[in-house]
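Kindly produce the complete structure, drawing on both the sequences and the hints.
For reference, each letter of the sequence shown is one residue, going 537 to 1087 in our numbering.
One or more hints might be untrue.
Quick list of in silico lysine-lysine cross-link-like pairs, DSS-like style, CA-CA up to 30 Å [said to hold, decoys possible]:
(1) 877 / 863
(2) 800 / 877
(3) 827 / 800
(4) 800 / 898
(5) 1075 / 863
(6) 868 / 827
(7) 877 / 934
(8) 1075 / 934
(9) 934 / 1084
(10) 877 / 794
(11) 934 / 827
(12) 934 / 800
(13) 827 / 898
(14) 827 / 877
(15) 827 / 863
(16) 934 / 868
(17) 934 / 863
(18) 794 / 827
(19) 898 / 877
(20) 868 / 1075
(21) 898 / 863
(22) 1075 / 827
(23) 794 / 973
(24) 868 / 1084
(25) 794 / 868
Pairwise CB distance ranges, derived in the manner of DEER restraints [said to hold, decoys possible]:
(26) 647 / 930: 50 to 60 Å
(27) 974 / 703: 28 to 38 Å
(28) 681 / 833: 46 to 56 Å
(29) 680 / 1042: 24 to 34 Å
(30) 917 / 747: 13 to 23 Å
(31) 973 / 673: 15 to 25 Å
(32) 888 / 930: 24 to 34 Å
(33) 638 / 882: 45 to 55 Å
(34) 730 / 576: 48 to 58 Å
(35) 823 / 923: 24 to 34 Å
(36) 1049 / 974: 15 to 25 Å
(37) 876 / 630: 17 to 27 Å
FYI, nobody ran anything at the bench for these hints, they're computed from the structure.
C-beta: ideal position from N, C-alpha, C; glycine also.
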Amino acid sequence: MTSDPDLVDAARRLRDGLQALFDTAVQAVARRCGNAGRLDPAALDAAQGVSYELAWASAELLAAQTVLQAPAAAGLDRALALLFATEAMRAVLGRLESVAIDADLDGAPLRSWAADPQWPALRRAAAGPAALAAATRALAAAESEIGPVTVSAEVAMARDAFHRFGLEVVAPLAAEIHAQDLTIPETILGPLREMGVFGLSIPQEYGGSAPGQHDDTAMMIAVTEALSEASLGAAGSLITRPEILSRALLAGGTEEQKQAFLPKIAAGAPLCAIAMTEPDHGSDVASLALKATRVAGGWRLDGAKTWCTFAGKAGLLMVVARTDPDKAAGYKGLSILLVEKPSTEDHAFDFQPEGGGRLRGKAIPTIGYRGMHSYELAFEDFFVPDSHVLGGEAGLGKGFYFNMAGMVGGRMQTSARATGVMRAALREALRYTQDRKVFGQPLISFPLTQSKLAHMAARLAACRQTAYAVGSRLEAADGRIEAAQIKLLACRSAELLTREALQLHGGMGYAEETPVSRYFVDARVLSIFEGAEETLALKVIARGLFEKALA
537 MTSDPDLVDA
547 ARRLRDGLQA
557 LFDTAVQAVA
567 RRCGNAGRLD
577 PAALDAAQGV
587 SYELAWASAE
597 LLAAQTVLQA
607 PAAAGLDRAL
617 ALLFATEAMR
627 AVLGRLESVA
637 IDADLDGAPL
647 RSWAADPQWP
657 ALRRAAAGPA
667 ALAAATRALA
677 AAESEIGPVT
687 VSAEVAMARD
697 AFHRFGLEVV
707 APLAAEIHAQ
717 DLTIPETILG
727 PLREMGVFGL
737 SIPQEYGGSA
747 PGQHDDTAMM
757 IAVTEALSEA
767 SLGAAGSLIT
777 RPEILSRALL
787 AGGTEEQKQA
797 FLPKIAAGAP
807 LCAIAMTEPD
817 HGSDVASLAL
827 KATRVAGGWR
837 LDGAKTWCTF
847 AGKAGLLMVV
857 ARTDPDKAAG
867 YKGLSILLVE
877 KPSTEDHAFD
887 FQPEGGGRLR
897 GKAIPTIGYR
907 GMHSYELAFE
917 DFFVPDSHVL
927 GGEAGLGKGF
937 YFNMAGMVGG
947 RMQTSARATG
957 VMRAALREAL
967 RYTQDRKVFG
977 QPLISFPLTQ
987 SKLAHMAARL
997 AACRQTAYAV
1007 GSRLEAADGR
1017 IEAAQIKLLA
1027 CRSAELLTRE
1037 ALQLHGGMGY
1047 AEETPVSRYF
1057 VDARVLSIFE
1067 GAEETLALKV
1077 IARGLFEKAL
1087 A
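Dropping the structure here:
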């Protein structure tokens, strides 16, 4: 296994060179999509193909930079960093070549970069058969975590506690919850309430555990990852909804609303759900149409929501509704209403509150991500008092902004969910390939198996380290684009890694009794919710890159 510091220097230099070529491409496309210093919507739509490639390239470059900057010691950590950086650069080179062709840009600088003699030398040293074999041997013998990150003693202690809880309580129930499509039982929820898991993003002054001056993003990532390793649907996703709702409340809620709701959310009573997506609009938030009509003392809700995860068990829904009847107002006509309802474990409910109206919900059958259940909701003349409009009268028309404040944290939390699932899949793949004999030899002894395992570990390590690095930036700055970039990369990586883990199991991987089959179907949802990857790539990442280039 190579640990030559000259290789790291070469990798950094090559990555920086590729970053410069990427920046040039972004500037060229931004100019074509700009008009008087502002982006033109029609031009952006016409450039979706190149925008998508540039968004992905930006995420890969960010992760490559992170692993190459990390103070990794010689050995497995260094080998995985070099492997990922090399593969990321190979992917970025291909994307930029595609952009150059589709956008009619000069491809000569890319060819010059690829002709650098250090590029094939790095690929041979970092991703050649000998390097992959050595990395796999070290991986099989490793007792430490893959992709180590530096955290505080408090975060490390919490991570270990939730990891033990996942192993001892969640994991033994996960298969049954998935197979029988059960709702997460109180045997899981009760102890998690006592451990304070629902208050991780809520300041101490409101009953949570986050420092008042800033978010404890590292704590949230560590706990989420540990629980997701045990089960995405039965534990790892429980933090997402309180994460989004609490951040939205902190961003726009009145002091009275913060005092009324945040301590309850932190205690996990009630549990939360987010009602944003609609049947006809998906990720197009600006076009949401659930109608809120002003009446005496409040509002009446009429319309439908879908993919509202945990809506049955939840007692508090964050509902994004159109309070301005003029649809031309777009996202400026949206507000957030806080809807209280009874909690139920049933897959269908029909709630008729004293204030009048009706709220019906029905769980949507899904191939994975079971335990929480996502619901279709139908509001019929449902009354919500003025006191439950986020931000009060001053919050009307600001629902989009409050929702986005919540979604940044939700995307970081989803990145941690992805790395947790990856950790579980890699663990199972390593165990199985060491135990399984093929043609009289352990499966792990074959070069192709070694290549798969090494690449899986490298991708996991890069996503973990980047998630923590971006999380630390969120506490000091906006980090909106970076949060979207790591969400994009980590969620697709979870799909790729769980697929390889299942493939390495052969026929047994396709059996429901094998955990990797559950990891595979669970991971597939990650690239869809909390911002579908296409929306993140085009509307958040690429648009943000172009706006910065034109500034």
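Hint check:
Using a Cα cut-off of 30 Å, the hinted pair residue 877 and residue 863 holds, with the two alpha carbons roughly 28 Å apart. Taken as a hint, the residue 800 and residue 877 pair is honoured in the structure, with Cα atoms around 14 Å apart against an allowance of 30 Å. Restraint check: the Cα-Cα separation between residue 827 and residue 800 comes to about 28 Å, which is no more than 30 Å; the hinted pair holds. With a C-alpha separation of about 25 Å, the suggested pairing of residue 800 with residue 898 holds against the 30 Å cut-off.
At most 30 Å may separate the alpha-carbon atoms for a hinted pair to count; residue 1075 and residue 863 meet this at roughly 20 Å. Of the supplied pair hints, the one linking residue 868 and residue 827 holds, its CA atoms being roughly 14 Å apart against a limit of 30 Å. Using a Cα cut-off of 30 Å, the hinted pair residue 877 and residue 934 holds, with the two alpha carbons roughly 24 Å apart. A threshold of 30 Å between alpha carbons decides the hint, and for residue 1075 with residue 934 the separation of about 19 Å falls inside it, so the pair holds.
Taken as a hint, the residue 934 and residue 1084 pair is honoured in the structure, with Cα atoms around 24 Å apart against an allowance of 30 Å. A hinted pair counts as satisfied when its Cα atoms are at most 30 Å apart, and residue 877 with residue 794 qualifies at roughly 19 Å. Between residue 934 and residue 827 the alpha-carbon distance is near 15 Å, which keeps this suggested pair within the 30 Å criterion. Restraint check for residue 934 and residue 800: the C-alpha separation of about 24 Å stays at or below 30 Å, so the hint holds.
A distance of roughly 20 Å separates the Cα atoms of residue 827 and residue 898; the hinted pair therefore holds under the 30 Å criterion. Distance check on the hinted pair: residue 827 and residue 877 sit about 19 Å apart at the alpha-carbon level, within 30 Å; holds. At roughly 10 Å between alpha-carbon atoms, residue 827 and residue 863 fall within 30 Å of each other, so this suggested pair holds. For a cut-off of 30 Å, the pair hint linking residue 934 to residue 868 stands: about 6 Å separates their Cα positions.
Of the supplied pair hints, the one linking residue 934 and residue 863 holds, its CA atoms being roughly 15 Å apart against a limit of 30 Å. For the hint linking residue 794 to residue 827, the alpha-carbon distance of about 25 Å falls within 30 Å, and the restraint holds. For the proposed pair residue 898 and residue 877, the alpha carbon gap of about 14 Å is at most 30 Å, so the pair holds. With a C-alpha separation of about 17 Å, the suggested pairing of residue 868 with residue 1075 holds against the 30 Å cut-off.
Annotation: proposed proximity of residue 898 to residue 863 holds, straight-line Cα distance about 28 Å (limit 30 Å). Only pairs whose Cα atoms come within 30 Å are accepted, and residue 1075 paired with residue 827 is accepted, the gap being roughly 25 Å. The straight-line distance between the Cα atoms of residue 794 and residue 973 is roughly 58 Å, outside the 30 Å bound, and the hint therefore fails. Straight-line distance between C-alpha atoms of residue 868 and residue 1084 comes to about 23 Å, which keeps the hinted pair within the 30 Å bound.
For the proposed pair residue 794 and residue 868, the alpha carbon gap of about 23 Å is at most 30 Å, so the pair holds. Evaluation of the 50 to 60 Å hint for residue 647 and residue 930 yields a pass: the beta carbon distance comes to about 56 Å. At roughly 29 Å, the beta carbons of residue 974 and residue 703 sit within the given window of 28 to 38 Å. Here the CB-CB span from residue 681 to residue 833 is close to 54 Å, well matched to the stated 46 to 56 Å.
For the hinted restraint 24 to 34 Å between residue 680 and residue 1042, the CB-CB distance of approximately 29 Å keeps it satisfied. As the Cβ distance of residue 917 to residue 747 is approximately 43 Å, the hint placing it in 13 to 23 Å is violated. The beta-carbon spacing between residue 973 and residue 673, approximately 18 Å, falls within the hinted interval of 15 to 25 Å. Separation of residue 888 from residue 930 is about 31 Å and conforms to the stated range, judged on CB atoms against 24 to 34 Å.
Against the hinted window of 45 to 55 Å, the Cβ-Cβ separation of residue 638 and residue 882 comes to about 50 Å, which satisfies the hint. Distance hint check: the CB atoms of residue 730 and residue 576 are about 54 Å apart, consistent with the given range 48 to 58 Å. Our hint of 24 to 34 Å for residue 823 and residue 923 holds, since their Cβ atoms are close to 28 Å apart. Between residue 1049 and residue 974 the beta carbons are some 21 Å apart, a value that agrees with the proposed interval 15 to 25 Å.
For residue 876 and residue 630, the hinted distance range of 17 to 27 Å is not satisfied, since their beta carbons lie about 51 Å from each other.
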